[in-house]
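Protein chains: 4
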Amino acid sequence: MKELGIGIIGTGFMGMAHAFAYRAAKATFPDGPAARLVAVADASTAAAEAARDQFGFARATDKWQSLITDPAIDVISITTPNHLHKEMALAAIAAGKHVHCEKPLAPTLADAITMMEAAEAKGVMTQVGYNYIKNPLLKLAREIIGQGEIGRITGFRGIHAEDYMHDPNTPWGWRLDPTGGPGVIADLGSHIIGMARFLIGPIVELVADIETVVSSRPVKAGSTERRAVETDDAARIIARFDNGATGTLEASWVATGRKMQLDFEVIGEKGSLAFTQERFNELQLYRAGGDSRTAGYTRIEAGPQHAPYRNFCVAPGHQLGFNDLKTIEIGEWLAGIASGTSPGPDFREAVEIQKVVDAAIRSSQDRRWKTVG
Amino acid sequence: MKELGIGIIGTGFMGMAHAFAYRAAKATFPDGPAARLVAVADASTAAAEAARDQFGFARATDKWQSLITDPAIDVISITTPNHLHKEMALAAIAAGKHVHCEKPLAPTLADAITMMEAAEAKGVMTQVGYNYIKNPLLKLAREIIGQGEIGRITGFRGIHAEDYMHDPNTPWGWRLDPTGGPGVIADLGSHIIGMARFLIGPIVELVADIETVVSSRPVKAGSTERRAVETDDAARIIARFDNGATGTLEASWVATGRKMQLDFEVIGEKGSLAFTQERFNELQLYRAGGDSRTAGYTRIEAGPQHAPYRNFCVAPGHQLGFNDLKTIEIGEWLAGIASGTSPGPDFREAVEIQKVVDAAIRSSQDRRWKTVG
Amino acid sequence: MKELGIGIIGTGFMGMAHAFAYRAAKATFPDGPAARLVAVADASTAAAEAARDQFGFARATDKWQSLITDPAIDVISITTPNHLHKEMALAAIAAGKHVHCEKPLAPTLADAITMMEAAEAKGVMTQVGYNYIKNPLLKLAREIIGQGEIGRITGFRGIHAEDYMHDPNTPWGWRLDPTGGPGVIADLGSHIIGMARFLIGPIVELVADIETVVSSRPVKAGSTERRAVETDDAARIIARFDNGATGTLEASWVATGRKMQLDFEVIGEKGSLAFTQERFNELQLYRAGGDSRTAGYTRIEAGPQHAPYRNFCVAPGHQLGFNDLKTIEIGEWLAGIASGTSPGPDFREAVEIQKVVDAAIRSSQDRRWKTVG
Amino acid sequence: MKELGIGIIGTGFMGMAHAFAYRAAKATFPDGPAARLVAVADASTAAAEAARDQFGFARATDKWQSLITDPAIDVISITTPNHLHKEMALAAIAAGKHVHCEKPLAPTLADAITMMEAAEAKGVMTQVGYNYIKNPLLKLAREIIGQGEIGRITGFRGIHAEDYMHDPNTPWGWRLDPTGGPGVIADLGSHIIGMARFLIGPIVELVADIETVVSSRPVKAGSTERRAVETDDAARIIARFDNGATGTLEASWVATGRKMQLDFEVIGEKGSLAFTQERFNELQLYRAGGDSRTAGYTRIEAGPQHAPYRNFCVAPGHQLGFNDLKTIEIGEWLAGIASGTSPGPDFREAVEIQKVVDAAIRSSQDRRWKTVG
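Chains as they are written, first to last, in this note's numbering: chain A, 633 to 1005; chain B, 633 to 1005; chain C, 633 to 1005; chain D, 633 to 1005.
These aren't lab readings, by the way, just hints derived from the structure by calculation.
Check each hint, because a few of them may be wrong.
35 Å max Cα-Cα, derived DSBU-like pairs, lysine-lysine [unchecked claim]:
1. 987/D with 771/D
2. 1002/D with 987/C
3. 902/D with 852/C
Please construct the entire structure, taking both the sequences and the accompanying hints into account.
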């Protein structure tokens, strides 16, 4: 398998990021298969054609279904609004395509399970776009935890907060449409939930408070007419992990001033880790038990010793960017298809994340602790 | 009232801090009354005498009761372990002394209320040692919030975590004795609760998870015999404030690596604040709506424009230390006695804080949301 | 001019970075010409062929001269060790190719001038790889300075320090070969000199101290035989700028612990800027004269409002990486060829940088102030 | 020697800081002698009397000479403008008083030497107010360097920059009076020179550029009449140390935005240190040679393991303030008088610092390298 044919549905923020990453995959993961950009689809023909020219797809279309039936396409990336994921994914799976779908996987847990079961029944490979855990320093963090270097894990504190919806005059839009599922608990919350699972493991029970902070918004930009908001703007969770640790997880898209506050702290009996996506080429590590005179948090800077940083740069301290994280995700995904081993997170993992989202929503509605799943 | 006679009970960490601060009060708050160090009491005569010589008290004693009956003493500071606060405070109040008591005020809410009611009935003034909010930059933060400079407040995120109990081989001690009340939820949790109230206002309901992380400890240093721990090591709270904001509050004394993680973020519709006690001479402020090219968090450094910094130093950027915070607390307390107006936090405020602690414990036991008070 | 044929000489760190960037250019600068990867040359056939396969060049060769004579090639990137730049560049220029050459341009100022004059006489376009100034936030810094937002510029403080040569047992290598020119003053010093010129303008006189810190090194890895080092490891300069400002510039490759300390501060009468390449998606700005209560350095995070960040990501705070800086350099270079207007820095600018390097070396030898150029 | 009688001349910023510190000395250094505040002198009687009341001096006077002749005074602190230091110090020395004098010691090197020789001939003890090196973490830094923990020292980079004179409309004042000696090279430069000597050792030769950035200033606040400035606003030095290291040292009081940029980096072959007075309860340490996965700078937070932090607080992370640094200086000074061993820096050290200032001024005037001393 020297080359895989790629089709991408959607040309927004994530559609562009996927296209960039598929193009860059062979240049950064030379041992993996090349990606041939076969087709790009968008409801807007003009947008599809612009993306075709920009990234070098062989063809553009406003009919996503034409990608499903294209025998030259082996892999389909779905980057459309959430309420469209299920139909597209099921069609692609039925056609035997490997499917990469952006997060959150589906509006509801039931839909996500349907998608997972279809993929597993068909035997195609799947991937979901939890790109932040592709960071070489997140892999290091997981390794440090997994090897017991900071002892038994007792605490977790995580947040993903941004401010793109903080202004009450930011108009209503597709992110607020309940047919696409919940609001920030799915959009950003799923990132910090996935990161917590990646680092610490399964969450078994939780209590949550999920709220709509801005109760109405202009129906469109500049309008004085306002529409009630039904989805959530902020979510707070206290969670118990399967390994005995306890933690908090928060998500907000009304966190005025924050552009990328995807932060965590992991507390172990013998040490701890701290991280912020605002400076994602750094990881803070504390180890207990050394010389007390010089103890403290060590600021680790990403370098070629942290795979797969070296695929991008041979010199330390030069730093990866967001598109590089996406390229790692896609590079590993293509290599996984070639080898038959999923790099994760796949639909099964996305279902597990969605179970946490689902439990949080139920907990907030009932104002009680809930078991996950 | 040019001078007030001072008696201090206890010569531990806080006893020393009080003595230092009373001595420094006139030198930094010259318009207030001077403090005459009349007597210091400690169960250990040697400790009392050492403190007498170090700070210049007129006399030392191992009988705290002798301070109560000393007519030269106007003000008594109680800095002993928590389970002793109530008896001492009630005796001092009955004798008509003004009483400063270290936090947490009492092992139980009922005890705290008893102490508050006694003081109010007697008409003496009271103060509780929530020193961190005496920081000039905390006063600035409260002012920024109160004047609406960051708009309607929608979110709060606070934590007070340290690591002095993180090692499972740190032995059992008085902090773990349930007769003194709860564990970290009272010891550190009360600080972050008090800070949240200082900045945002009352908490009206909450859900909490409070746990003992280290289940047993050596009965004493070096011993192989272990004793079960009954008090809490970590606490996590989701809270609703009276003003409509929602937030999380956390406390831990097993946060390996953390020496002074007393941090908060306040989110408003038009801006936000971020602070860490690790760098308490700095406050981060974000204001929405300016030139987007140059928007961002501004790092405010404490200076003489932030009262009462100038009482300590006329030049900006020189920085206050922990003992200076304690000195502000004591300086304002003495000035308050002179003027008859409490600077706070007084016993009434401490009761309000204890109501939150109490509700959190009830919530954790019942695994349900609870109304505060 | 819809497409430009590209040839790259060299497949090391910079050869790979160029190949990545040419591939990514159209995907990020869609209005510019596409780059067709025609040929890659390396003295090692295996290396050339590996790069061909990794990046999708049409052909690979161990004869760089074959790129010069290839009519399908419009643009040649020279990424070989410094002592080879001149011969290659002159050949490419003579053949009418546009030439991108990595920094430092040449071992000596005389060579650099020869190269510049040849290119200008032939009328081809040139570019030199000072990638760090391609950062959107550096463009912002230059704009803030240029528009007078921080007033008359009075001071500059810059450094580029790394530690890849700090260990005395790091063996001798091509970077230390004096036939390639000076050591760190050229390798890293030229970056901070170029950055100072980009922000503040020409340097007119200077005094410098340039030294060899590690006097001998193993002749090769693991050898006990050592060879004297003739090139410099550290350089310190005090400089006077044409606009009246004064500053210091430093370079070191023996700065143990530093991976990317490319930092500057710019002082103006009405404000200042601070930057470190360690966190190159952030710029610190201070403006004098506002509300003293809330004055301080504002941490600006890169976002789509800072061109050309948006070419990579529509959302703020997601961050660019090193390869993105290189892609901006190449994207602007290709657009510049298409439009006939050099984006800079071109050979002429590289000559100006080299004049500063040259003056610094003369100053250090004579231990006197020197005029630049 | 249980108690020492103290006289302070001057009640400005430093006069207040001395008074505070003498009062606090016994409370923080209980093994040392107590300080009895005998008398305070100021040219303004009102200022002297206010200081008397604020700090508890026995008497106030507008005749500094009356302190010299007062037999109850053992120790005199001189905190007046620089041009007055010499006359006062010589009088105090002649009277057999121990003399603490604020920095810089004298307007000229010759004066400083005269003062040093007088004190040494008389056999009294001396101290100069280089308070920043009294920081427990500076003592740690010196120890780490001295014990070879970061190997042979090869580089130093230091600066002391503030902005209290940055505004061209800040009026002329005593700091600019050349009869008091040079400008910022003495006022702030002497701090970073002293710190470099404390950490690395003697400077043997240097080249410097010293300049007046703001050429004229209002004769007084609000005046439109301007007066030419004769003293320096900014100084830059390249220095060679006796131990073979090279470094830069800078000073500025026109560094817009900077309130306390007293920063250094020390580079060793096996590690490095970085520090800023803006966060002076932290020290950054890098050690080469460990596990490359987790290497990085460790942020050491001051705690009771770093003497004499424990004299102020038994718990780590609580932080010292500026007045605490001054208190350490005074506490050690009083203990030194009691023991007969100077803690330094004494007049002899101040003379060495002044030799560097003197050489820098000569270098800048002649535009040549100069030998120190």
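Structure-based check of each hint:
no.	hint	in the structure
1	987/D with 771/D	holds (24 Å)
2	1002/D with 987/C	holds (26 Å)
3	902/D with 852/C	holds (21 Å)
Checked against the numbered hints given earlier, this structure breaks none of them.
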